[in-house]
Structure formats: structure tokens, C-alpha cells
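Asker: As they're listed, the protein sequences go chains E and F. Read in order, the letters of the first sequence correspond to residues 1 to 81 in this note's numbering. Read in order, the letters of the second sequence correspond to residues 1 to 149 in this note's numbering.
Treat the hints with caution; some may be incorrect.
Stated by the list, open to error - The following label-pair restraints were derived from C-beta to C-beta distances:
#1 E:ARG40 - F:ARG100: 45 to 55 angstroms
#2 F:LYS61 - E:GLY14: 29 to 39 angstroms
#3 F:GLU140 - E:ALA25: 20 to 30 angstroms
#4 F:GLN127 - E:THR26: 35 to 45 angstroms
If you're looking for bench data, these hints aren't it; they were derived computationally from the structure. For every residue, glycine included, the Cβ atom is placed at its ideal position computed from N, Cα and C.
Each chain, written out:
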Amino acid sequence: MNVMYFAWVRERIGIPQEEVTTEAATVNDLVAELRSREDRYAAAFADISALRVALDQELSDFDAPLKDVREVAFFPPMTGG
Amino acid sequence: MQVRVQSERFDAGAELNSFADGRTDIGAVVSFTGVVRDTDQTLQEMQIEHYPGMTQSAISKIAQQAMQRWELADCLVIHRYGALKPGAPIMMVATAAAHRAAAFAAADFLMDYLKSRAPFWKKEITQQGAQWVAAKDEDEDALQRWAAD
Numbered sequence: 001m002n003v004m005y006f007a008w009v010r011e012r013i014g015i016p017q018e019e020v021t022t023e024a025a026t027v028n029d030l031v032a033e034l035r036s037r038e039d040r041y042a043a044a045f046a047d048i049s050a051l052r053v054a055l056d057q058e059l060s061d062f063d064a065p066l067k068d069v070r071e072v073a074f075f076p077p078m079t080g081g
Numbered sequence: 001m002q003v004r005v006q007s008e009r010f011d012a013g014a015e016l017n018s019f020a021d022g023r024t025d026i027g028a029v030v031s032f033t034g035v036v037r038d039t040d041q042t043l044q045e046m047q048i049e050h051y052p053g054m055t056q057s058a059i060s061k062i063a064q065q066a067m068q069r070w071e072l073a074d075c076l077v078i079h080r081y082g083a084l085k086p087g088a089p090i091m092m093v094a095t096a097a098a099h100r101a102a103a104f105a106a107a108d109f110l111m112d113y114l115k116s117r118a119p120f121w122k123k124e125i126t127q128q129g130a131q132w133v134a135a136k137d138e139d140e141d142a143l144q145r146w147a148a149d
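Make a model of the complete structure from these sequences and hints.
Answerer: Okay, here's the thing in C-alpha cells:
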């Protein structure tokens, strides 16, 4: 699946998006997998309460299943307006 | 209903005039324009990042909710992204309705939802450095009042 990062999440990880092959069942499982990869992921995902997630461009929850999801995006709370 | 996400500057006055032009079914037009603020005179620019695939549809859904909730004749949302200078317009909303109460309430609703539910992130570039603007708890709290009734 395509995993995207925005704002300071993108800056901490160092890339805007990447293709990730995973068996993760939920967003939380995916986060755990990414965290264990490298320090920059651990830093970006240190505090999940400071993050939001969108699945296929719809805001979602960290316990949501990833079955059939093609695009996951992680970002801080939005600041539009 | 019009939703535009763009980097180009817009002319709020011209947008507002064309929004209501020729309509005879409305008695009220309400608009809000957000401007890049620099009260301390330290801001060099405001960088606005967005999620291109999601932004247009997220704003359209918010606008549709406003259209359904109030009897609006029309609504307009323009939101910019990219590097903006102090004093530049960031975004505008306009609502048109038969009566002012609906037009005001819908504009207020649109602003509250755009602040916390449209995928934009602001970064302030100052002489001292760069900093992401943090979301405010009161912006999230502001959504609660629309859930109450």
C-alpha cells in the first residue's frame, strides 16, 4: 500500500510517501511495524495521540482494519482556515 | 456549490460579487476571508501544505453538510496552499440564503470545520526559524456545538 506523510511527520521521516508491503491487520499494527524499522519512524510515531490517520483519503481511527486499503496517510491535527 | 483549492491569489471582492451576481432568490450573503497575520512583525512567510488527493473531497463534503443543514441557495469555499506572504488572503467562504440567520450560521459552521477537518497544515517561517502551527484545543471544541442540536 501507499503510505503518505504530511507536515512534521513527513519531515521527521524524511520522505513524503513510500510503498509498504505489510501483513498488518490494523493501523496500530502498521504503526508498530514502522516504529521498529528505524529511529526516524520511532520519532515520528512516538506519540500517536498527536497524530491523525486517513485511509483511502477518509479520516479514520488507529484501530481501523487495513483490509483492502490502498492509501494510508499520517499527519498532525489539521490547521486549515 | 463551488470549492476551489489553489495556490494562486484570489480577489475576495471580485469573488463575492460574482458569487451573488444575478441572483434574485436570496436575501443574504455572508462571507469570511482569512488573511496571513503577522502581529509581531517577525513572519517572513506562511507555508501551507495540503493533501492533494483528499483536500477537494474533504471540503466538498463539509460544504454539502452545510447545504443540507441550512437552506442555502449556494456556498463558495476557496482555500490556498503554497508560500504566502503576510497580508495575503489564505481562504474565503461565502454563503447565500433567503435569510441572514442561515447564511451566518452556515458560514460559521464552514469555518469551524475547515479549521480542523480540511487537510491543511501551516508552517510559519520567521527570522528566528521555522515552526509548524499547532492545532488548538478550542478549534476542536468548536465542532462540539454543531453536534449538540
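Asker: If a hint holds in the structure, say so; if it doesn't, say that too.
Answerer: Okay, the hints, checked on the actual structure:
The hinted window of 45 to 55 angstroms between ARG40 (chain E) and ARG100 (chain F) holds, with their beta carbons roughly 52 angstroms apart. LYS61 (chain F) and GLY14 (chain E) have their C-beta atoms about 32 angstroms apart, which keeps the hinted 29 to 39 angstroms range intact. Distance hint check for GLU140 (chain F) and ALA25 (chain E): the Cβ-Cβ separation is about 29 angstroms, which falls inside the suggested range of 20 to 30 angstroms. Range check, GLN127 (chain F) to THR26 (chain E): Cβ separation about 44 angstroms, and the 35 to 45 angstroms hint holds.
Violated hints: none; the structure is consistent with every hint.
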